[in-house]
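Engineer: If you read the sequences in order, they're chains A and B. Note that numbering that gives the first Met the number 0 numbers the first sequence so that position 21 is 20, with each residue one more than the last. Note that numbering that gives the first Met the number 0 numbers the second sequence so that position 250 is 249, with each residue one more than the last.
Heads up, some of the hints might be wrong.
No copy labels: a pair is met if it fits in one copy or bridges any two.
Claimed, not checked - Calculated pairs, DSBU-like style, for lysine-lysine (alpha carbon to alpha carbon, straight line, at most 35 Å): (1) K50 <-> K224; (2) K183 <-> K131; (3) K50 <-> K31; (4) K224 <-> K76; (5) K47 <-> K223; (6) K31 <-> K223.
Please keep in mind that the hints were generated in silico from the structure rather than gathered at the bench. Note that this is a predicted model, so its numbers are computed, not measured.
Protein chains: 2
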Amino acid sequence: MINDKKRPIRVVQYGLGPIGQGSARLILEKAKTGKLELVGAIDIDPDKAGKTVGSLVNASSDVVISSNANKVLDDTKPDVVVHTTSSFIPKVEEQLTQCILVGASIVSSTEELPYPFDRYPKIAERLHTLAKENRVTVLGTGVNPGYAMDVLALVATGVCTDVRSVTVQRRVDAGLRRQPLQNKVGAGITVEEFRRRQAEGGFGHIGLIESLRLVMHGLGWPIKKFSELLEPVISEVEVETPYLTVRPGRVAGIKHTAEAYLNDHLAVSLDLRMYVGAQQPEDRVVVDGDPPINLVIEGGIFGDTATVAALVNAIPHVLNASPGLRTVADLPVPRCFLPS
Amino acid sequence: MINDKKRPIRVVQYGLGPIGQGSARLILEKAKTGKLELVGAIDIDPDKAGKTVGSLVNASSDVVISSNANKVLDDTKPDVVVHTTSSFIPKVEEQLTQCILVGASIVSSTEELPYPFDRYPKIAERLHTLAKENRVTVLGTGVNPGYAMDVLALVATGVCTDVRSVTVQRRVDAGLRRQPLQNKVGAGITVEEFRRRQAEGGFGHIGLIESLRLVMHGLGWPIKKFSELLEPVISEVEVETPYLTVRPGRVAGIKHTAEAYLNDHLAVSLDLRMYVGAQQPEDRVVVDGDPPINLVIEGGIFGDTATVAALVNAIPHVLNASPGLRTVADLPVPRCFLPS
């Protein structure tokens with residue numbers, strides 16, 4: 000049962016980039032209920048260290064941001080750390096270990112963490128063992144991976160007697176999002192430039208394969224064969240955003256797909272399109288099952304707010320889960336934590 | 000983790016009405032994987048006792064149906080009982096107690112069981128205590144209550160930083176369903192007849208208030224004030240189904256709504272319409288939140304198949320849950336169990 004703690008849940012925010020700032024702001028907002036408390040904040044950026052969280056996120060908080068993670072964690076011994084520093088597991092193992100060792104459960108936005116068991120079996124095993132020893136739960140989540148292309152897909156199959164395949168389509172109009180995202184999907188550049196940057200590994204949504212693995216795992220299907228493809232979406236018309244213009248023939252954004260097979264049968268297909276000018280943005284799950292299910296989030300899920308929400312909403316779930324490295328498929332159905 | 004048992008999960012089917020027969024058939028189908036086994040079947044109907052499950056559900060099974068529940072449970076000591084006998088908790092407490100006492104976890108279609116803590120606090124406490132003592136989990140679920148108007152509503156809020164209200168609309172075209180359901184919603188009768196039967200308590204969807212309580216509970220909102228209304232839907236045109244004809248001005252079915260308030264603010268609103276001739280059947284969740292969410296299952300969820308699926312899909316969840324009387328809001332996200 001959530002919300003049955005007598006004292007507030009003590010939270011440290013680890014990482015204060017855009018998502019971390021949103022998380023800190025939301026924690027401070029929800030702290031007004033008296034059920035949650037921001038007790039520490041960590042960021043290595045020298046421009047942020049020494050400032051108060053309140054001054055950084057334009058809210059009321061005199062918690063001072065520190066670049067000394069160990070000191071913050073030791074001094075505060077939080078119940079939960081909301082961790083938002085990097086997309087990649089090798090870069091965060093040491094940070095997660097620090098948190099676990101002071102007895103803190105973790106909700107992390109690290110895109111490789113929602114299903115790390117195949118890509119990083121050794122790190123996953125180390126984190127799982129350490130978390131169990133220290134009686135804490137570690138979870139990777141967010142809107143994608145963590146919800147739109149995995150949890151929703153599993154939920155859609157929950158009333159099916161059988162499932163033959165699951166298709167997830169996420170259409171995001173990058174033109175409605177912040178400028179870094181428009182740049183990240185290559186909006187406005189030439190196809191040649193796209194291919195050049197793609198070859199350098201500079202493009203693509205991180206975590207798509209993690210969603211694929213989560214869905215396969217959740218359905219009990221072994222993942223033996225899978226493929227991934229990243230292509231530019233070419234604009235046929237001129238599109239203008241507040242930040243840039245995409246001329247016809249130029250790149251509007253990305254189409255990133257991943258597919259998993261069971262005995263040469265396409266079992267799970269994920270199709271993510273993020274581009275400026277996308278018509279009818281939506282999140283759609285199509286289950287070829289009994290009964291068939293066609294689940295849609297009309298207009299799509301607005302990612303910037305939703306990622307922050309998914310992290311903070313998981314706080315009670317990690318506190319109540321059995322210790323170890325867990326996935327969103329292991330935890331109770333997500334829902335808003337402490338709505339006003 | 001599901002499916003990690005070395006031996007098959009041993010299941011008893013308790014109740015072999017239409018839903019119980021569907022459940023038995025599905026268990027037998029999934030038993031082909033070797034991960035599940037139907038080891039017993041109980042029904043008090045003298046026409047069924049003594050027959051094999053196979054002959055009743057047109058499948059391959061020589062499990063003999065018995066009216067002696069205690070003997071079946073004692074002889075088989077199942078891991079899980081799928082229980083489908085009655086909608087009402089007072090009628091099933093003794094049956095559930097029998098199951099718990101032989102160490103079986105339970106998935107039940109009893110419509111009052113998904114959230115029994117307010118309506119039957121003493122029975123709920125007895126079942127919870129007994130389940131914990133016997134290290135088993137007891138769950139009430141189904142498509143509605145248990146999924147369409149509660150789990151989906153909670154899931155829809157999972158990426159919201161805040162929620163002001165949740166509205167759930169379920170539209171079912173009763174004309175596509177089996178005859179008993181068409182009769183149950185009063186299709187074809189006069190408004191006077193509807194009101195007469197309504198006064199006798201003969202109408203309405205059982206479990207709507209349970210869904211309302213589940214959503215409020217899941218969001219951490221205390222349920223202090225709620226209302227419920229059952230009205231006939233009057234047909235404006237003539238509608239024909241394979242079983243009956245509804246003339247203009249006659250009852251086409253029901254509109255059953257329930258609302259819960261927080262300080263005079265409408266917090267959760269459930270609106271269920273089941274009638275013949277319903278256009279555009281769908282399940283819709285509208286979250287007034289940040290971000291707003293508009294989640295739709297296009298065409299709706301076909302209830303007869305889905306109820307059976309929801310029950311069988313919960314089997315691994317009750318086996319892995321912490322002991323006690325639990326709700327679908329406490330358990331991991333639903334998903335299809337053992338898809339082919």
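Engineer: Are the hints correct? Go through all of them and say.
Structural biologist: Outcome of the hint check:
In this assembly of identical chains, the alpha carbons of K50 and K224 never lie at most 35 Å apart, being 49 Å within a copy and 45 Å across copies at closest. In this assembly of identical chains, K183 and K131 lie within 35 Å of each other by CA distance neither inside one copy nor across copies; the values are 37 Å within and 52 Å between. Taking CA atoms no more than 35 Å apart as the test, K50 paired with K31 passes inside one copy only; the shortest distance there is 22 Å, against 62 Å between copies. Taking the shortest Cα distances, K224 and K76 never come within 35 Å of each other, neither inside one copy (43 Å) nor across copies (40 Å).
For the homomeric pair K47 and K223, neither the shortest alpha-carbon distance inside one copy (45 Å) nor that between copies (45 Å) is at most 35 Å. Only between protomers do K31 and K223 lie at most 35 Å apart by alpha-carbon distance; the minimum there is 22 Å, versus 48 Å within a single protomer.
The structure does not agree with the numbered hints 1, 2, 4, 5 stated previously, though it agrees with the rest.
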